[in-house]
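Novice: Here is how the chains run, residue by residue.
Protein chains: 2
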Amino acid sequence: MSGIIKVGLLGCGTVGTGVIKVLAENAEEITPKVGAQIIISRVLVRDAQKKRDLPQSISVTDNIEDILNDPEIKIVIELLGGIHPAREYMLRAMQSGKNVVTANKDVVAQFGKDMFAAAEASDVDFMFEASVGGGIPIITPLKQCLTANKLTEVIGIVNGTTNYMLTKMSEEGASYDEVLKAAQEKGYAEADPTADVGGLDAARKTAILASIAFNSRVGLDKVHVEGITKITPEDIAYAKELGYTIKLLSISRDDEKGIDVRVHPALLPQSHPLAAVRNEFNAIFVKGNAVGETMFYGRGAGQLPTASAVIADVVDVARDIVKDRFGRIRCTCYEHKNFCPIEQTVSSYYVRLLVDDQPGVLGAIAMAFGQTGVSLSAVIQKRKVKNKAEIVAVTHKVEEAKIRQAEQVLNKLSAVDKICNVIRVEEPTGQEA
Amino acid sequence: MSGIIKVGLLGCGTVGTGVIKVLAENAEEITPKVGAQIIISRVLVRDAQKKRDLPQSISVTDNIEDILNDPEIKIVIELLGGIHPAREYMLRAMQSGKNVVTANKDVVAQFGKDMFAAAEASDVDFMFEASVGGGIPIITPLKQCLTANKLTEVIGIVNGTTNYMLTKMSEEGASYDEVLKAAQEKGYAEADPTADVGGLDAARKTAILASIAFNSRVGLDKVHVEGITKITPEDIAYAKELGYTIKLLSISRDDEKGIDVRVHPALLPQSHPLAAVRNEFNAIFVKGNAVGETMFYGRGAGQLPTASAVIADVVDVARDIVKDRFGRIRCTCYEHKNFCPIEQTVSSYYVRLLVDDQPGVLGAIAMAFGQTGVSLSAVIQKRKVKNKAEIVAVTHKVEEAKIRQAEQVLNKLSAVDKICNVIRVEEPTGQEA
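Sequence order for the protein chains is A and B.
With UniProt numbering, the residue at position 104 of the first sequence is 104, and numbering never jumps.
With UniProt numbering, the residue at position 143 of the second sequence is 143, and numbering never jumps.
These are computed hints drawn from the structure, not numbers from a lab.
Misleading hints may appear alongside valid ones.
A pair holds if it fits inside one copy or across any two, identical chains being indistinguishable in the list.
Claimed, not checked - In the DSSO-like style, the derived pairs of lysine-lysine whose C-alpha atoms are separated by at most 27 Å in a straight line are:
1) Lys337 - Lys168
2) Lys143 - Lys323
3) Lys143 - Lys74
4) Lys257 - Lys33
5) Lys33 - Lys418
6) Lys6 - Lys150
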């Protein structure tokens, strides 16, 4: 019970350095809980010659074979990111009998099935807590703590970059371009921010969350994705006036219509706990038929929070090594559920229009909505722009297909200059606190 | 992998019935995740003759030996509550080689050590997720998901009854007696509400949380306990005016002064996420040196949420049975830390006084605080009561011992009629969302 467990680390960037640091600093916390010492013995880097401030005990290499062929290494931590060569390295590590821990949402979202199959074939563990929600425990709660439940809904803020941007836009009235620049300067957004602001990062996390929550594989291609690039300060201001906050939401639902998975900006009532999640924080709401509503909140990214999640998995694997039993919890996608097309999803909608500033236009617009079966809970004439007026309409719950029809009818009205934005409104049911 | 795992259930009250119901209703969710079917085969009740609406497959008994001597029963769920005979039954079950799952905070808080020793001696599992936070996953996150961290603080709302009462008092201006009656009628408070309103229930949960978070046994007797019985509508109204909400908090901190564990009402800034936790909901904030702040939120009590936590543990044990390896995570109290006496704890304080309504009294009071080294951030003269005036003072951070001295000095002032209430103010540091 007092042995050493050797770990190979693939990648030594921000998170990798964090993992080395936290493992060293908190060794006194970790060793007694495992019953063995966890030691990083080898690190794979791109340039082995580069000067690095690493402990002497760690040997640096740029050759993956040094790690795959080291029989003493029992756990491989993959922090390279991206599909290639991360996916191949993980598969080979498992084929070599090594347990794998990863933070790689790309691989888990697209190749989770293959990863689990490889883990099962070699009787090793495959763990990925850090792939969603940074430091927030969410994969283990879903796979372990909420197993008694039929889960019906997972709604969350899972991208820190866009949440930081929307928070700044909301609290400071800043424009999209201004906050993107600020986020890049703070290191919250990358030079190419497409994956974050376009919603792809959140979509990958959504595919992972939904696959686990609903026991059915949810491919990345099944996730309907809209980013925040079209959100303007006007939308945020009008939403606020109406009692809402705009957030980029990850939404997964499982009901009689099939699995409904999407990432898009949405208006949330200000009283909803997710509306209070600010800056780079993440939070994930999970609804189950026994537990009711639970929420998990914390830092969704960053060096140390992500290292916390990675090491939690390493500790889990190390406990399995100590007990010499692996694969307690395998892939749980044992069902093959249908998906609900986005056109059949139901929501309220916020619609902002630019129209001619003339009598009767409000009535004409209300009638156009009515024609396509969309009933309105509010139509408000907002500020004037030259000889045009801005109108904001909020609909009752309606099928997405009908909103698209309404858009077509509105576009044909001569008084309608353009439809500036259409954003879904999420009004959670049964929200009590 | 397709066997049957038989379970004996001790107690068939609200939660026990919930466990039977959820296990039956969600069998299709649970069985594939375990790789075996979990079946409750025997239930221990007080009166075996009483009519019960139970499935035919469950045999009812009033004799504990029927369960302890049944070699087919691999897991015992203990839902009797209280120390005796629950403690003895659990010990005997483990000695008979059975794994034990319990929701019993009394036994875990006071006899956790013995329970773990018995589990280790017999190489069985001992699990108690449901003992804190009802359906909220918190024990597993602490024992498993946050193992990379040195945890420094756990602050939470862990008693649903008092949170319901304080919410009603705050939102409806109702008196303590009125809301207690309403809570009893709703079934949120028991006929004898002492354990809830006096803080003992929260203290037990605090002892459990702190023991796990700080790797050091925290006995119930180490928890400083104050209930909510002295909180008046005036205190709640003045707190609100000052920007605070009053909550009954469970506070555990581990710093250079030692472990500081307490349960007491406290003023929380309205912007703090815990301030937004309403009614019977619970939430627990955990701070670690890698993860930063995380929060776990959900229903802290109730039939189905508690059943959700109990069954999660049962599934965990069942997975161990399938893999034939037990005790992956044992007692983690491997340290023996010192405790910080309540007199040495530091806090801000809200002090409400009734004084003579005469010139100079405010100055005299400020001077009395100053004399004992207590500096004030606010002194406000509130409503008049006959020829008396109510004064509310809020102090800067100060040691508890000094507040007690200040109370003595104030009590000697002839202008001071009485000190109506002294409530701690919790101003979390580094709170970002």
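Novice: Could you work out which of the previously given hints the structure breaks and list their numbers from low to high?
Specialist: 1, 5
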